[in-house]
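The residues making up each chain are set out below.
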Amino acid sequence: MSRLIMTRRGLLKAGAASGVALAAPMSFVRGAYAEDFCNMPTGSTVTLGFNVPQSGAYADEGADELRAYQLAVKHLNGEGDGGMLGTFSSKALKGNGILGKKVAYVTGDTQTKSDAARASAKRMIEKDGAIMITGGSSSGVAVAVQGLCQETGVIFMAGLTHSNDTTGKDKKRYGFRHFFNAYQSGLALGPILGEQFGADRRAYHLTADYTWGWTQEESIKNATEGLGWETVNAVRTPLGAGDFSQYLTPVLNSGADVLILNHYGKDMVNSLTQAVQFGMRAKQVNGKNFEIVVPLFSRLMAQGAGENIKGILGTTNWNWSLEDDASKAFVKSFGQEYGFPPSQAAHTCYVQTLLYADACERAGTFSPPQVIAALEGFEFDGMGNGKTLYRAEDHQCMKDVLVVRGNENPTSQFDLLDVVKIVPRDQVTYDPAIFGGDLGPADAKSC
Amino acid sequence: MKQLLSKEPFALLLFSAVILTMPIWLAPLGANYPDLLQKFAIYAIFAMGFNILFGLTGYLSFGHAAFLGVGSYAAVWSFKLFTMNVLPAVLFGTAFAGGVALLIGFVCLRRSGIYFSILTLAFAQMFYNLAYSVMTPITNGETGLQLTLQDPRIIDRALAPAGQGLPSTELFGLSMSGYSGFYFCATMLIICFFISRRIFKSPFGLTLLGIKSNQTRMNYTGFNTRPYTLTAFVISGMFAGLAGSLLAVTDPLAGAERMQWTASGEVVLMTILGGVGTLIGPMLGAWIIKYFENIFSSFNDDALQQVYSFLPEGLRNMAVDLSSLFVGEGWHLTLGVLFMLIVIFLPGGLMEGWRRIVRRFRGGGGGEGESAPAATAQPAE
Amino acid sequence: MPILHLLLEHSVDNGALRNMDAIFLQFLNGLDKGGAYALIALGLTLVFGTLGVVNFAHGALFMLGAFCAVTFNKLLSLELVVLDETKTTAWGTALEVRTAYIENWFGDFGTTILDYSVPISIIVAIPVMLLIGIAMERGLIKYFYKRPHADQILVTFGMAIVIQEIIKHYFGANPIPQSAPDIVSGSANIGLWLGLGDNVVYPWWRLVYFAFSAFIIAAVFAFLQFTTYGMVVRAGMRDSETVGLLGINIEKRFTVVFGLAAVVAGLAGVMYTPILPPDYHMGMDFLVLSFVVVVVGGMGSLPGAVLAGFMLGILQSFASMNEITSLFPGIDQIIIYLVAVVILLTMPRGLLGREGVMEE
Numbered sequence: 000m001s002r003l004i005m006t007r008r009g010l011l012k013a014g015a016a017s018g019v020a021l022a023a024p025m026s027f028v029r030g031a032y033a034e035d036f037c038n039m040p041t042g043s044t045v046t047l048g049f050n051v052p053q054s055g056a057y058a059d060e061g062a063d064e065l066r067a068y069q070l071a072v073k074h075l076n077g078e079g080d081g082g083m084l085g086t087f088s089s090k091a092l093k094g095n096g097i098l099g100k101k102v103a104y105v106t107g108d109t110q111t112k113s114d115a116a117r118a119s120a121k122r123m124i125e126k127d128g129a130i131m132i133t134g135g136s137s138s139g140v141a142v143a144v145q146g147l148c149q150e151t152g153v154i155f156m157a158g159l160t161h162s163n164d165t166t167g168k169d170k171k172r173y174g175f176r177h178f179f180n181a182y183q184s185g186l187a188l189g190p191i192l193g194e195q196f197g198a199d200r201r202a203y204h205l206t207a208d209y210t211w212g213w214t215q216e217e218s219i220k221n222a223t224e225g226l227g228w229e230t231v232n233a234v235r236t237p238l239g240a241g242d243f244s245q246y247l248t249p250v251l252n253s254g255a256d257v258l259i260l261n262h263y264g265k266d267m268v269n270s271l272t273q274a275v276q277f278g279m280r281a282k283q284v285n286g287k288n289f290e291i292v293v294p295l296f297s298r299l300m301a302q303g304a305g306e307n308i309k310g311i312l313g314t315t316n317w318n319w320s321l322e323d324d325a326s327k328a329f330v331k332s333f334g335q336e337y338g339f340p341p342s343q344a345a346h347t348c349y350v351q352t353l354l355y356a357d358a359c360e361r362a363g364t365f366s367p368p369q370v371i372a373a374l375e376g377f378e379f380d381g382m383g384n385g386k387t388l389y390r391a392e393d394h395q396c397m398k399d400v401l402v403v404r405g406n407e408n409p410t411s412q413f414d415l416l417d418v419v420k421i422v423p424r425d426q427v428t429y430d431p432a433i434f435g436g437d438l439g440p441a442d443a444k445s446c
Numbered sequence: 000m001k002q003l004l005s006k007e008p009f010a011l012l013l014f015s016a017v018i019l020t021m022p023i024w025l026a027p028l029g030a031n032y033p034d035l036l037q038k039f040a041i042y043a044i045f046a047m048g049f050n051i052l053f054g055l056t057g058y059l060s061f062g063h064a065a066f067l068g069v070g071s072y073a074a075v076w077s078f079k080l081f082t083m084n085v086l087p088a089v090l091f092g093t094a095f096a097g098g099v100a101l102l103i104g105f106v107c108l109r110r111s112g113i114y115f116s117i118l119t120l121a122f123a124q125m126f127y128n129l130a131y132s133v134m135t136p137i138t139n140g141e142t143g144l145q146l147t148l149q150d151p152r153i154i155d156r157a158l159a160p161a162g163q164g165l166p167s168t169e170l171f172g173l174s175m176s177g178y179s180g181f182y183f184c185a186t187m188l189i190i191c192f193f194i195s196r197r198i199f200k201s202p203f204g205l206t207l208l209g210i211k212s213n214q215t216r217m218n219y220t221g222f223n224t225r226p227y228t229l230t231a232f233v234i235s236g237m238f239a240g241l242a243g244s245l246l247a248v249t250d251p252l253a254g255a256e257r258m259q260w261t262a263s264g265e266v267v268l269m270t271i272l273g274g275v276g277t278l279i280g281p282m283l284g285a286w287i288i289k290y291f292e293n294i295f296s297s298f299n300d301d302a303l304q305q306v307y308s309f310l311p312e313g314l315r316n317m318a319v320d321l322s323s324l325f326v327g328e329g330w331h332l333t334l335g336v337l338f339m340l341i342v343i344f345l346p347g348g349l350m351e352g353w354r355r356i357v358r359r360f361r362g363g364g365g366g367e368g369e370s371a372p373a374a375t376a377q378p379a380e
Numbered sequence: 000m001p002i003l004h005l006l007l008e009h010s011v012d013n014g015a016l017r018n019m020d021a022i023f024l025q026f027l028n029g030l031d032k033g034g035a036y037a038l039i040a041l042g043l044t045l046v047f048g049t050l051g052v053v054n055f056a057h058g059a060l061f062m063l064g065a066f067c068a069v070t071f072n073k074l075l076s077l078e079l080v081v082l083d084e085t086k087t088t089a090w091g092t093a094l095e096v097r098t099a100y101i102e103n104w105f106g107d108f109g110t111t112i113l114d115y116s117v118p119i120s121i122i123v124a125i126p127v128m129l130l131i132g133i134a135m136e137r138g139l140i141k142y143f144y145k146r147p148h149a150d151q152i153l154v155t156f157g158m159a160i161v162i163q164e165i166i167k168h169y170f171g172a173n174p175i176p177q178s179a180p181d182i183v184s185g186s187a188n189i190g191l192w193l194g195l196g197d198n199v200v201y202p203w204w205r206l207v208y209f210a211f212s213a214f215i216i217a218a219v220f221a222f223l224q225f226t227t228y229g230m231v232v233r234a235g236m237r238d239s240e241t242v243g244l245l246g247i248n249i250e251k252r253f254t255v256v257f258g259l260a261a262v263v264a265g266l267a268g269v270m271y272t273p274i275l276p277p278d279y280h281m282g283m284d285f286l287v288l289s290f291v292v293v294v295v296g297g298m299g300s301l302p303g304a305v306l307a308g309f310m311l312g313i314l315q316s317f318a319s320m321n322e323i324t325s326l327f328p329g330i331d332q333i334i335i336y337l338v339a340v341v342i343l344l345t346m347p348r349g350l351l352g353r354e355g356v357m358e359e
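Chains as they are written, first to last, in numbering that gives the first Met the number 0: chain A, 0 to 446; chain B, 0 to 380; chain C, 0 to 359.
One thing to keep in mind: the hints can contain errors.
Claimed, not checked - Below are the BS3-like pairs computed for lysine-lysine, each with C-alpha atoms no more than 25 Å apart in a straight line: (1) A:K444 <-> B:K79; (2) B:K289 <-> C:K167; (3) A:K331 <-> C:K86; (4) A:K327 <-> A:K93; (5) A:K327 <-> C:K167.
As the list claims (entries may be wrong) - Computed Cβ-Cβ distance ranges for the label pairs, DEER-style: (6) A:G225 <-> B:I153: 38 to 46 Å; (7) C:A213 <-> A:N285: 35 to 43 Å; (8) B:I137 <-> C:M346: 28 to 36 Å; (9) A:L388 <-> B:F105: 53 to 61 Å; (10) A:I421 <-> C:L191: 51 to 59 Å; (11) A:E78 <-> C:I122: 48 to 56 Å.
If you are wondering where the hints come from, they were derived from the structure by calculation, not from laboratory data.
All figures in this text were calculated on a predicted structure; none of them were measured in a lab.
Every residue, glycine too, gets a C-beta built ideally from N, C-alpha and C.
In isolation and in its complexed conformation, chain A is listed as follows (with noise of 0.2 Å):
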């Protein structure tokens, strides 16, 4: 049965004969089904879908993972310098678009909801025949979204979110994630941590009711009592409470003397502001300098924070200021083109558009099963991150982490985080089971 000669003829009579069991083993054999998959590209181009917040509060960083986008397209295509494409230890992308066909795109709006981030990619995969979607920038839209393109059957490479869910127990076979998540910012903030405030404090975690906000929270959690740090509180704030007075009181005779800060973009920029006002910055606790953490956090936010922002520890997936061969050409490419220096959401989503082209060049087709094979356990170099595995177990990559600070004396507006440590990708790899989830099969679907 499986030494079968692999044509389209020979699979039907086969097929016709013993069924669904041949089913599995089909989608190995490349190209054998080639048109039996969603949105296979007919033409001269191919269409990728990037869909990102264009209004609400995560606009400006939709804005910057659409340069991003955009600049990939561009690269691709041949057009530009090339950007990571010189320094990319895969050489498979030769600048002539992806399988010589010219790459193109559709973009969408996601309103940082999950029923407009759904319907925006329904419309890119129904309408303008999107073969992966692409983007995001909070991990309920990025869940959402991936869950719909398992369903349909298109490869979705996630841009920034940080849920360790997306990985976690809301894996798919069909999603990709380039961007770290909670559990390996605990890991890798919690060395630092003991390192530069000591094995005996006091934490308060303020964190954002909702999914991100309690996995975040436990992973934070775990890491620093595995210091020896006692948590005294964890109070779970509304998203968009706006004012975090009442919450922020409590800690100042709680006894606590660090506040980690679970929340992300605006109600980050509220939180720390008004922290800071509380005076917590410049407190003594229990004998000790009063701290603020903030686990993740990004250039776009520290702007948002403003001054308040100077001397808190957090980590972030990726910096312009890194100084290797890769982060370099892209701030430079990037910054040629747009005049400033990419986000770290710029960066991720720059580089998933590349990983995807580079999986397809390397399975010599567009279909998603090879692709998705291509992608899995995938081992690169010279994407800014240093060296990184595409983890086959649960599509989570494996690459360093960045503990960083706000920086004291910036030398310009985007001069705001100064990398402490580059945390080794050793010590942020864990074990995929510990979320459990499962991928769900990798067949192909037509649509």
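Once you've looked at the hints, dock chains B and C against the given chain A.
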């Protein structure tokens, strides 16, 4: 024409024909793909139901999205617990939303006017906030309630073993994604149109209109209006629940933001935009808003360059720059401007425009006297 | 009050003193929040409860006020950009060295002006917001006094979107930080003043904000109470027809009321910027809340709006205390709406509402 339209079978037939041929006549507008067509049908139901309350009784509910959300959650739970067949899901969604509407309506209808609006708003916001956070075991919070491989699905399991991957919603074997999903929603819309038309023409509907024009007087005559308004509220909530369950049918996911006040506000805007109290106005309003949200937001600079490709380079760039303010990430701006223009020039919404056109063709020279409000509004912009 | 009682019971095992501190601080938070709510609601209730216009653009006015401060600060910090050819950025262009003109021209005095940009921008915001308010009323709102509320909702909502999008176009979507003057940027050690211990500290700027909101509220009341202008406006609110018959130009007064509402909303926005870095969407975030405050206070009642603002602010603060949320999880997220429901069901017209306003 007018006589014909008032005949029930003909009106129904015409309406069905227009709805069912949407994939054809929406093609030039670029809106003929299944997802948007489904959304057109679903939000038309939502707005139509809202109009039964607002248009007939004058009670402005600012929390109608709560019923949409409840309908969605109930439908997804039906998929998770029982079967992927959509009929039970639709029934559950509608019934649950009806039940919740009965409770909320019973409480809120003790007040009228703005006090009623704020009461409904408060309930919906409580639903939303709790669904997002504390009630996560039931609603799956921010991520939204989804199907998983571990779902029991007892009825389906009893009939056949579980397949690989997630099952899709079906109507006795017919998959409910894509065009078949649209036709299912469209059928529901036609049924809803029929019901809502019947309500408008019934003595019940006339009573409601009486309540709208003067509730106090009706109360003085010894007439108890509460049962009538409550019935309208529950029917309207069930329409919303049906719409919510159809959202889940075409895409089995239910998120809390469906219940946020912005969603409640959206249906208010749809109804006013189309024409409060008219039979098909709210549906038109829903279509316009959804069209802008899905199509206008997708024009990027690249697409604009192609649109204006007939212009010379310099002019083209100017045209692209100018139009990009209104499309792509600027689609909200266009929507805002459109709201203002319509309400300034067409008081009474889109249906007012239709009425004017009809008048022009019928009696030559437009309406007499009734264009006064528009005339005073003209100096505005 | 059951909440206080409950807290005191709890305090037996937790240390009574620390809990008293916490309660005191939450009370301050409540006053501060209440001040903000009351200020926003005050303008809305002027327009909504008295002119009868459902103004969904009120949040946008609040946001515009905040952006007055942002613009003023941006203008002050307009920078002289000198390209330093000896240094390059990471992407290869010459490094820009920026110094604010105002510092170039006035030296230290310029720096001081920059430091005080938020309070100074009040002076700018008052005429700007007044003009915006008057323009809005003359250009648009006045045609909608006699139109159904539905039309008012649509037109003001459309306008709010347009204003937002314009701001987004020029300032982006990211919050723009505004700092309070150095002298009030830290925390006041209230505990020391009152002998409560070291842990009772409160940000200076929040104290300033509370004092400011109290002042503005008082000023608005004084204006309506003690000036002939205000008297006519009040009379017009009660019975515009009769006042009109007396030969008083009621339309002009309405314009002033709208302008006044815009100024109050704008000032609330200006002073809030150091607490909440402004972004284009902040108005919408406050919109629903301000409607709730106005209606809970009762339609057509200014004291009602102020009272409801403070009450909801204080209750929200207390509901967020750990002792309460551990008993009722999630209560802090819904407390405002819960209180609104309870009040509207027990008091038919809110706290101090007048009969017949917006009840049809």
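Hint check results:
no. : hint                          : result
1   : A:K444 <-> B:K79              : 23 Å, holds
2   : B:K289 <-> C:K167             : 22 Å, holds
3   : A:K331 <-> C:K86              : 15 Å, holds
4   : A:K327 <-> A:K93              : 21 Å, holds
5   : A:K327 <-> C:K167             : 31 Å, violated
6   : A:G225 <-> B:I153: 38 to 46 Å : 42 Å, holds
7   : C:A213 <-> A:N285: 35 to 43 Å : 37 Å, holds
8   : B:I137 <-> C:M346: 28 to 36 Å : 33 Å, holds
9   : A:L388 <-> B:F105: 53 to 61 Å : 59 Å, holds
10  : A:I421 <-> C:L191: 51 to 59 Å : 45 Å, violated
11  : A:E78 <-> C:I122: 48 to 56 Å  : 51 Å, holds
Checked against the numbered hints listed earlier, the structure breaks hints 5, 10; every other hint is satisfied.
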